[in-house]
Amino acid sequence: AQTVTQSQPEMSVQEAETVTLSCTYDTSENNYYLFWYKQPPSRQMILVIRQEAYKQQNATENRFSVNFQKAAKSFSLKISDSQLGDTAMYFCATSPGGYQKVTFGTGTKLQVIP
Amino acid sequence: DAGVIQSPRHEVTEMGQEVTLRCKPISGHDYLFWYRQTMMRGLELLIYFNNNVPIDDSGMPEDRFSAKMPNASFSTLKIQPSEPRDSAVYFCASSFRAGTEAFFGQGTRLTVV
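Residue numbers (the working numbering), protein chains in the order written: chain W, 8 to 121; chain G, 863 to 975.
Here chain G stands alone, though its shape is the one from the complex (with noise of 0.2 Å):
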């Protein structure tokens, strides 16, 4: 398996612009994560899907944030509108099941100007 695929992998976009960031999990793997890294707040759990259905979502940061998942294979993080304070590296991740290890993609640094 290639591991977890993100796309892309640098964004940089203008404030106010809709913002889409991909990621494609491991095959079989029935959890899928989105975390966003800052250097001020570290990693932080935005959201996460078990079989495609969001568990929780208390780490989105506001209503501009949505998530989904519409098969196994496939998420999306979307930002409309995006603000520089928006600005981190994404990551994507997915595990096989609860306790088990999260493999993460390469992430994909996010840049609002």
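Chain W with its partners taken away, still in its complex shape (with noise of 0.2 Å):
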């Protein structure tokens, strides 16, 4: 069985500030897979980033990196130089290597005040 937590329901931060979103997990899984999601006010579930758990190297798109301690079950995000458009639920999810079941924590609920 695989759980999410995510422990901040809401954050704020000032646009062009960095912030951080955390998320630990638990899974039985040597293989598996992390994900971050963000759901703006439209709905719309969109990927922001992967990590593949075996891969040591943090993965980085664009403003978004996270920080993976694998040891630790943490798989934070830091959105630096925060947009406007930034503002939405977040969402840490897993899945295992195998086979494809994801697992969402409860979101975090990001805004960016200008």
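Relax, there's no trap hidden among the hints.
Straight-line distance between alpha carbons at most 30 Å, and here's what the computed DSSO-like set of lysine-lysine pairs gives:
1) W:Lys116 / W:Lys80
2) G:Lys930 / W:Lys108
3) W:Lys62 / W:Lys85
4) G:Lys940 / G:Lys930
5) W:Lys85 / W:Lys116
6) G:Lys886 / W:Lys108
7) W:Lys108 / W:Lys62
8) W:Lys62 / W:Lys77
9) G:Lys940 / W:Lys108
Counterexamples of contact, computed for chain W against chain G with all Cβ distances above 10 Å:
10) Thr67
11) Thr94
12) Gln118
The following residues of chain G were derived to be distant from chain W, with all beta-carbon distances above 10 Å:
13) Pro870
14) Met877
15) Gly878
16) Glu880
17) Ile888
18) Asn914
19) Met922
20) Asp925
21) Ser928
22) Ala929
23) Lys940
24) Pro946
25) Thr973
Note that these hints are calculated values from the structure, not bench results. If you're wondering where the values come from, they're calculated on a predicted model, not measured in any experiment. The beta-carbon is built from N, C-alpha and C at its ideal position, and this holds for glycine as well.
Reconstruct the complex from the two isolated chains, following the hints.
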């Protein structure tokens, strides 16, 4: 079984500043994947970034990067140079490597303040 | 590709009525998922298919819910009879293979009155 915990229900950040969203997970799998999804007010779920657990290097996607601490089962998302369009719900998720069953956290609502 | 297409976008129905939600996955994707999103429970995986075959339906709340995937390009989620507590946003998603990104549809907001 997999579980994902996001302990920050809401966060805010000033435009152009940096913010970090926390996520911890638990899984019995040796091989698994981790994801951050964004859900803006339009309701569309959009993949932000993806990490393969067997890769030690942290994934980066433009202004978005992760801090993957495998031993601690931690997978935080850092957003640099925050923009108004980053205002959304952010969901951390994990799935096992061998089959596709994605488990989502409860989400963090991020507000970017002008 | 137009992405994952769900219909309808909004559905309002009376308690006891049958509701059918529809989904067209992205062509070539082998996996299809149905999720339910509520404020109280977040995003819950209801069921997923691989190559049109149901793999895990442990998230289906009760027998009133059923899902089918008659072919690679179409899936339905049916609720019969519907109840007010079924009110939620239902998402369909598809992915190419295990470990890859799941592409979500726009969701169907279901309101049961």
